[in-house]
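Number of protein chains: 2
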Amino acid sequence: MSDPKSVITLLHGAGGAYMHNLIKEYFLQLYDGFGEVGLDVLDDAAVINGVVFTTDSYTVRPIFFKGGDIGRLAVSGTVNDIAMMGGDPIALSLAIVMEEGFPKSDLARIVESIKKTAEEANVHIVTGDTKVMEKNALDKIVINTSGIGVASEELKHNFNVLRKNRNVKHEWLVPMNIRDGDKIIVSGTIGDHAIAILSSREGVGFESNIQSDVTPLNKMMKTVLEVGGVADAKDPTRGGLADLLNDWAEKSGLGIYIRESEIPVKEEVSSAIEFLGLDLLELGNEGKAVLAVSPEMARDVLEALRSTPWGKDANIIGEVRKDIEGVILETVIGGKRLVTRPTGDPVPRIC
Amino acid sequence: MSDPKSVITLLHGAGGAYMHNLIKEYFLQLYDGFGEVGLDVLDDAAVINGVVFTTDSYTVRPIFFKGGDIGRLAVSGTVNDIAMMGGDPIALSLAIVMEEGFPKSDLARIVESIKKTAEEANVHIVTGDTKVMEKNALDKIVINTSGIGVASEELKHNFNVLRKNRNVKHEWLVPMNIRDGDKIIVSGTIGDHAIAILSSREGVGFESNIQSDVTPLNKMMKTVLEVGGVADAKDPTRGGLADLLNDWAEKSGLGIYIRESEIPVKEEVSSAIEFLGLDLLELGNEGKAVLAVSPEMARDVLEALRSTPWGKDANIIGEVRKDIEGVILETVIGGKRLVTRPTGDPVPRIC
Chain E
1 MSDPKSVITL LHGAGGAYMH NLIKEYFLQL YDGFGEVGLD VLDDAAVING VVFTTDSYTV
61 RPIFFKGGDI GRLAVSGTVN DIAMMGGDPI ALSLAIVMEE GFPKSDLARI VESIKKTAEE
121 ANVHIVTGDT KVMEKNALDK IVINTSGIGV ASEELKHNFN VLRKNRNVKH EWLVPMNIRD
181 GDKIIVSGTI GDHAIAILSS REGVGFESNI QSDVTPLNKM MKTVLEVGGV ADAKDPTRGG
241 LADLLNDWAE KSGLGIYIRE SEIPVKEEVS SAIEFLGLDL LELGNEGKAV LAVSPEMARD
301 VLEALRSTPW GKDANIIGEV RKDIEGVILE TVIGGKRLVT RPTGDPVPRI C
Chain L
1 MSDPKSVITL LHGAGGAYMH NLIKEYFLQL YDGFGEVGLD VLDDAAVING VVFTTDSYTV
61 RPIFFKGGDI GRLAVSGTVN DIAMMGGDPI ALSLAIVMEE GFPKSDLARI VESIKKTAEE
121 ANVHIVTGDT KVMEKNALDK IVINTSGIGV ASEELKHNFN VLRKNRNVKH EWLVPMNIRD
181 GDKIIVSGTI GDHAIAILSS REGVGFESNI QSDVTPLNKM MKTVLEVGGV ADAKDPTRGG
241 LADLLNDWAE KSGLGIYIRE SEIPVKEEVS SAIEFLGLDL LELGNEGKAV LAVSPEMARD
301 VLEALRSTPW GKDANIIGEV RKDIEGVILE TVIGGKRLVT RPTGDPVPRI C
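Line order of the protein sequences matches chains E and L. The first sequence runs contiguously to residue 351 in full-length UniProt numbering. The second sequence runs contiguously to residue 351 in full-length UniProt numbering.
Hints in this document: simulated from the structure, not taken from any laboratory. A quick note: this is a predicted structure, and the numbers were derived from the prediction, not measured. Idealized CB from N, CA, C, for every residue including glycine.
In silico lysine-lysine, BS3-like type, Cα no more than 30 angstroms apart, as pairs: (1) K116(L) to K5(E); (2) K104(L) to K140(E); (3) K140(L) to K104(L); (4) K135(E) to K5(L); (5) K66(E) to K135(L); (6) K24(L) to K116(E); (7) K140(L) to K104(E); (8) K5(L) to K24(L); (9) K104(L) to K135(E); (10) K251(E) to K115(L); (11) K322(L) to K164(L); (12) K115(E) to K5(L); (13) K135(L) to K140(E); (14) K135(L) to K135(E); (15) K135(L) to K24(E); (16) K24(L) to K140(E); (17) K251(L) to K115(E); (18) K135(E) to K24(L); (19) K115(L) to K5(E); (20) K140(L) to K5(E).
So the derived list for chain L, only partly shown, Cβ under 7 angstroms to chain E, looks like this: (21) L10; (22) F27; (23) L39; (24) I48; (25) A95; (26) V97; (27) G128.
Please model the complete structure; the sequences and the hints are all you need to start from.
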């Protein structure tokens, strides 16, 4: 029953190689050539008739965790998918599926958190749906948020700056805009969300005080685009940095070189992953962005990031290089290793 | 554990009084005044900056049923929500949550059906999401589709015609446009979907050859709007005609009078509901529309409906009346009864 050739396994939801193959094999046939950024790009969102459009279902466990809950995650995740395209998120839909017997008090807490997070992101919940499944058919709650956004003035400015440096075909933040020499910037510490989720779970024999980083990043992205010169942005959720950078390498046709010593990571996260034997690069995040920035704008973008509450720990971790293939990590002790797309899932069901 | 005051019950997903109260108590607080048609209207979709936006999660069981499957339902249902606002559906998102162990062959059948139905409706699948839950955390599959659409030329024409007859504030198909004397038209036979679902279930001790009516209705709606004079349209899904008409009565502040003898119903559906003791008015449909039409345009709209493959059995079933309160049904034998919002669910999990 668990042969990944004939049935779906947890690996197919893990944001690594298995999921990408599943998407290519089953869902890519739905692409019919439509959209300025279409289904074929497999990016954070599509762009059609100038509207950025995205969807995500949230199945995180536990539903209340250190630093957040499924409601905050459902708003932040979808807002961020729009923001990572360079879009200005306007409106979200909210579709909730609950099990019979789900406590109304939990629903009230989740809705409260959705309201608060939507206000924080200045995005409007405009439509919704409610379904209930029998107790044995669903565990607790699954939330889907879809979202729409538009191009902002800041995005236009960003591309005016970027165009000084290269030909730009897509005026949205997509991997096809990435060029040799672009700097890779992460907006803050890596791994907080996955470790917070893990330590919020009962019976895993591991505890820490790490809080999830889950937060809407649209205001941070606006500040960055005001500076300009950003070629692409993406949030390292399922699959973490490893999956994200491989995605960029594959779609841009360029190599990426990063330095472990430059990757921001909290002391407690660092000890936790050592203790648990996890790979930092594969851990999911819900309040961080990775940017590919033209080299002459990278310092200014970095400073702008650091001036915001969400990007205080931002750092340049590497660069795009046409002379290498795939993603290469220079380790702290100076060795080099190839970073591949994750095949397993260090912490499942983080979003 | 099943006290509907403190926990969610199946009734809260049933599309009747319990669901409406839940939405009002928990979700309406998310309304912040945004949108031409906002969350407060609780209609099929919202309209924001000229874009129609809607969402639905699909949890139907069985996932393959007589006349359709969860994939066809997920495309049709969301396309119809847009079409019932008078919008022209453009693009859908597709978010799938599966259980571990879900057969890939079933996924392939569902995706195939999604592709076929999307082509039928001329709507594009542009973005998606895939999640996997543990075997004991989800039964089979849940699909969310969200959709966006725009106002069509036909919708403008519809309101040019309607404006001859009344002041129109909303240039979308909403209950606030309904006036005393409007004719109530249903586009075809009622109850097919719910009875098809029921007879597709194992162990219910009931079988019939009724096929679900699940289909995209956007082309039918376009034909109708080309005629003009439609004040509102809505598809009688969960909660059926009973819930839909009560919704209209409540939101328009007018009474609705309908005649049982005029409601189109298939012979086999009629026998089935008699045998099972069900109320036809509470049965869900997935390929039917109910229209409120200005009286002088009603015959033309009816003819236009009947000229389409989806509206062959369309009929005028009653009218809007300011001299009555709520929804009144004139029974076949000439009696009258008040039709209230359903409180139970004759066939749960139909969508």
